[in-house]
Amino acid sequence: MNLLEIADLHVHYGAIHALKGVSLSVAEGSLVTLIGANGAGKTTLLNTISGAVPGSGGSVLFRGEEILNELPHLITRRGIAHVPEGRKIFSELSVEDNLNVGAYIQKDKQRIRTLIERNYELFPRLAERRRQEGGSLSGGEQQMLAIARGLMSDPTLLLLDEPSLGLAPILVETVFKLISDINAMGVAVLLVEQNANVALQTATFGYVMETGQITIADKASALLNNPAVQNAYLGVG
Amino acid sequence: MRNVLRTITAVLLVFVVMGPLFASGAAEADDTIHIALSAPITGDWSEFGINFQRSVELAISELNAQGGILGRQVRLSVGDTQGNPQQAATLAQQWTSDPTVVAQIGPFASGPSMAMQPIFDSAGMVQLSPTASHTEYAGGSRWSFGIVGTQAGEGPFNANYAYNEIGIRNIAILHINNDWGIDTANFFTRAFEGLGGRVTRTEFYFEGESDFTAVLSTLRESGADGLFIASFYNDGAAINIQRDRLGWGVPVIGPTSLYSPQLIALGGSSVEGLFTGTGFFTPDPDPAVRQYVQSFQAKYGALPNFHAALAYDAMKLLADAIERAGSTDSEAIRSAMAETRDFPGLAGSITFTPAGDAVKGYRMLQIRNGEFVVYD
Amino acid sequence: MFIQQLVNGITQGSMFALLAISFGIVYGTLRLLNFATGSMYMIGAYFGWLMVHHVASNLFLALLAGAAAGYVVGYILERFAFRALRGVARIASLICTIGFAMFFNELMSVVFGAERKAMPSFYADTAFVIQGVSVSWLQIILVMVAATVLILLQLLIYRTKLGLAIRAVSLDFKTASLMGIPTDRVISLTFSLAGAVAGISGVLAAAYYNALFPYMGNMAGLKSFSAAVFGGLTSIPGAILGGYLLGIIENFAVQFISSGYRDIIGFSILVIFLLLRPQGLLGRKTD
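Chains as they are written, first to last, in this note's numbering: chain A, 1 to 237; chain B, 1 to 376; chain C, 1 to 287.
Heads up, some of the hints might be wrong.
[Unchecked claim] Only pairs whose alpha carbons sit at most 35 Å apart, straight line, appear in this in silico DSBU-like list of lysine-lysine: (1) Lys-117/C with Lys-107/A; (2) Lys-219/A with Lys-177/A; (3) Lys-219/A with Lys-20/A; (4) Lys-109/A with Lys-219/A; (5) Lys-177/A with Lys-174/C; (6) Lys-20/A with Lys-161/C; (7) Lys-109/A with Lys-161/C; (8) Lys-299/B with Lys-117/C; (9) Lys-177/A with Lys-117/C.
[Stated by the list, open to error] Chain C regions said to be covered by chain B (calculated; three or more residues, Cβ under 8 Å): (10) 214-225; (11) 244-255.
No lab work stands behind these hints, which were simulated from the structure alone.
Where is the CB? At the ideal position from N, CA and C, for every residue including glycine.
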């Protein structure tokens with residue numbers, strides 16, 4: 001049984017049919033990426049998984065249980081953390097308080113302390129700036145904080161929406177290295193990216209989405225060599 | 001569910017906002033005599049408005065039990081002014097556009113009364129306010145009448161007591177900032193200074209104020225040996241509680257508006273010794289007064305006050321004028337009303353001046369041991 | 001005289017500060033001006049009065065009753081004026097709070113009568129005299145209660161997990177829900193807390209002025225809105241500062257200018273700050 005199993009998922013925004021029967025799965029501990037053009041429906045898919053956007057049909061099974069249209073905070077409790085597009089840092093809270101908010105569902109204070117320390121090891125820059133307000137961080141630091149905050153709920157599945165957006169190339173590399181490290185700790189990752197090249201190099205499996213539908217699903221290494229993918233998303237040929 | 005809630009909320013809002021418009025009685029095709037009452041049923045002045053309604057309904061039930069007016073039963077429509085001149089003007093339009101309305105009683109305060117006046121004037125309908133006492137109100141239209149007596153009469157009465165009986169020479173004045181309050185303060189000042197007294201400082205407050213400590217501290221500084229308050233009893237109680245708390249122990253005197261059992265209930269020991277004039281006095285041995293006080297208390301579980309008695313007088317006076325007119329013709333009622341001589345009201349006899357104001361007699365009361373007694 | 005007006009101002013400022021906080025908590029969390037704040041204050045006063053008249057003549061029990069009543073009214077307001085109107089323009093919620101203010105005012109005048117009710121005196125004895133101005137125990141209690149509530153709120157918001165959740169919801173409630181925060185419950189609780197604070201303020205006012213009536217919240221609500229804007233709508237310390245400054249300034253205005261200028265000054269501050277410094281004295285420039 002896969003950790004996340006999405007079947008024939010439909011989403012409507014009023015008259016707009018944003019997702020038209022999407023099926024996708026993420027295995028326990030895997031790193032799966034979803035690539036596609038702007039407006040293809042990638043962010044909508046993540047928002048539907050985390051409960052922020054209501055689905056109008058189909059199913060989303062997490063560990064075999066239906067979670068479609070559950071309240072977002074209950075989905076988080078099940079072990080899904082969503083790092084939204086644009087980072088959405090609580091800009092007036094300190095770095096450490098951002099992490100504390102991320103740990104809202106954790107009851108054990110000792111556990112929260114451990115998770116914070118683990119994050120500071122992963123992201124040493126955040127440790128240096130723990131007292132600073134979130135809004136005062138640079139773009140790259142904010143992205144790191146957003147991911148670190150997502151990890152504070154100790155998730156089994158991490159949903160990442162465009163982590164490379166607006167980052168300098170050198171930082172992009174750092175962020176993706178961190179994503180690999182997180183995955184190596186046993187956290188399954190569903191990564192939405194426009195930067196298909198890096199995403200496919202990091203992931204084990206990939207999906208291509210076009211106008212609300214999955215058009216190709218294959219191993220990441222196979223997608224890197226797929227001419228259609230190369231033409232449309234990798235800037236080759 | 002959400003839509004249901006939204007609908008409920010919307011309907012609720014409509015009722016809250018439009019409620020006053022639904023207040024008038026349903027029209028009945030019949031030969032009753034239809035009287036309109038305008039009063040502040042809701043809003044800051046609602047306790048006065050509700051007393052108006054109670055008294056007028058009491059008077060009508062007595063009239064109907066005795067066979068009505070001109071042998072016809074009386075029916076009442078009540079409209080809510082909310083104490084607001086604009087709302088009052090809208091009500092006046094409503095009354096004058098209803099051909100069955102014979103005459104209108106109300107409203108409570110001078111401001112709304114004067115806002116309604118031009119509409120009654122052009123439509124030719126009698127406007128009888130139990131309590132409007134602004135000196136420019138009744139004279140403003142031949143259709144307008146007031147029975148409370150004006151401050152032109154009450155001011156000299158109070159000033160005379162303050163100066164000659166209580167012996168105040170330097171007085172501070174605190175008044176509510178509306179037509180009535182300004183008038184009351186002005187007429188008192190003129191009469192008091194005419195007697196040779198001095199007004200040390202005059203201050204005012206706005207409707208709805210509950211903190212008087214600052215203004216009382218200022219008045220106290222002015223070196224007065226007495227305080228005149230042009231307020232209603234509810235504000236009067238609050239003012240005295242705070243004056244007492246400041247430790248400012250000077251004689252306090254005020255107009256008829258202070259006279260109410262509520263003044264003592266709210267003010268407690270702080271109003272002990274206070275002087276107030278009145279035209280109506282609940283322990284009055286007069287049989288008519290006693291009967292009214294008993295009926296009012298039996299029906300509503302509370303003692304009437306001066307304003308309530310005036311509303312009762314207004315309804316009985318209107319009934320008397322219609323009887324004398326012999327018809328419900330507006331012009332006939334107006335003439336009969338103007339010709340009123342020594343009508344025996346509970347709150348003093350009523351004779352109109354050419355302007356349409358009543359000339360009243362007053363008595364001075366003092367609060368002693370928590371009760372109003374006639375001051376002698 | 002100076003001392004007298006200062007004492008008056010601080011006493012009145014305590015009540016303004018609590019109401020301003022009530023405004024501030026709701027505005028800070030939801031960007032909603034709750035014009036039914038004065039109604040929560042008034043209803044709090046009535047339940048305090050019920051406690052005194054029917055259960056026990058104790059000021060502190062009355063304060064508890066007022067807080068509880070305000071808490072419930074806050075909950076009702078959140079359900080109907082906010083949650084039921086989610087997704088509709090924000091102005092609908094604002095208008096709905098005005099509608100509720102009228103509804104509660106009329107409801108209380110029907111249920112309890114429109115006339116003023118007397119609240120007995122509590123702790124009216126003089127505590128100390130400073131330059132001829134006597135200060136009663138009630139005035140001291142009033143300031144202490146206000147200070148205690150303000151400190152507890154500050155601790156709640158800045159030192160507890162719930163407070164962190166409230167701050168996160170106020171900054172971005174969508175993202176807060178992704179962190180596992182039950183945003184509906186937090187918003188509802190915020191409204192209820194604001195109600196409880198307003199209810200306490202209402203009981204204090206009824207005790208201080210020895211009176212309560214259905215419309216007592218109208219002017220108090222508007223004044224404290226002024227105070228909240230003055231200090232900064234989204235800042236709790238700002239609301240406190242605004243409340244006390246407004247109380248003191250108003251009382252001095254009565255002495256040095258005229259009693260008529262009292263409200264003019266209060267509302268001038270509102271207009272000036274809305275025009276020139278909408279974030280108030282201590283608020284942050286956001287949005």
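Is it true that the CA of Lys-177/A sits at most 35 Å from the CA of Lys-117/C? violated, 71 Å
Does the alpha-carbon distance linking Lys-20/A and Lys-161/C stay inside the 35 Å limit? violated, 40 Å
Count the residues of the segment 214-225 of chain C whose Cβ falls closer than 8 Å to any Cβ of chain B, and tell me whether that reaches three. Holds, because 6 residues of the segment 214-225 of chain C bring their Cβ atoms closer than 8 Å to Cβ atoms of chain B.
Can the restraint linking Lys-109/A and Lys-219/A be considered satisfied, given a maximum Cα separation of 35 Å? violated, 40 Å
For Lys-177/A and Lys-174/C, compute the direct alpha-carbon distance and say whether it is at most 35 Å. holds, 28 Å
Lys-109/A and Lys-161/C were given as a pair; does the straight-line alpha-carbon distance stay at or below 35 Å? holds, 11 Å
Has the given pair, Lys-219/A with Lys-177/A, been kept, meaning a C-alpha gap of at most 35 Å? holds, 20 Å
Holds or violated: Lys-117/C to Lys-107/A, with C-alpha atoms at most 35 Å apart: violated, 49 Å
Check whether the Cα positions of Lys-219/A and Lys-20/A lie no farther apart than 35 Å. It holds: about 23 Å lies between the C-alpha atoms, which stays within 35 Å.
Counting residues of the segment 244-255 of chain C with a beta carbon closer than 8 Å to any beta carbon of chain B, are there 3 or more? holds (count 4)
Please verify whether Lys-299/B and Lys-117/C have alpha carbons no more than 35 Å apart. Answer holds: Lys-299/B to Lys-117/C is near 20 Å, not above 35 Å.
Taken one by one, the earlier hints fail for this structure at numbers 1, 4, 6, 9, listed in ascending order.
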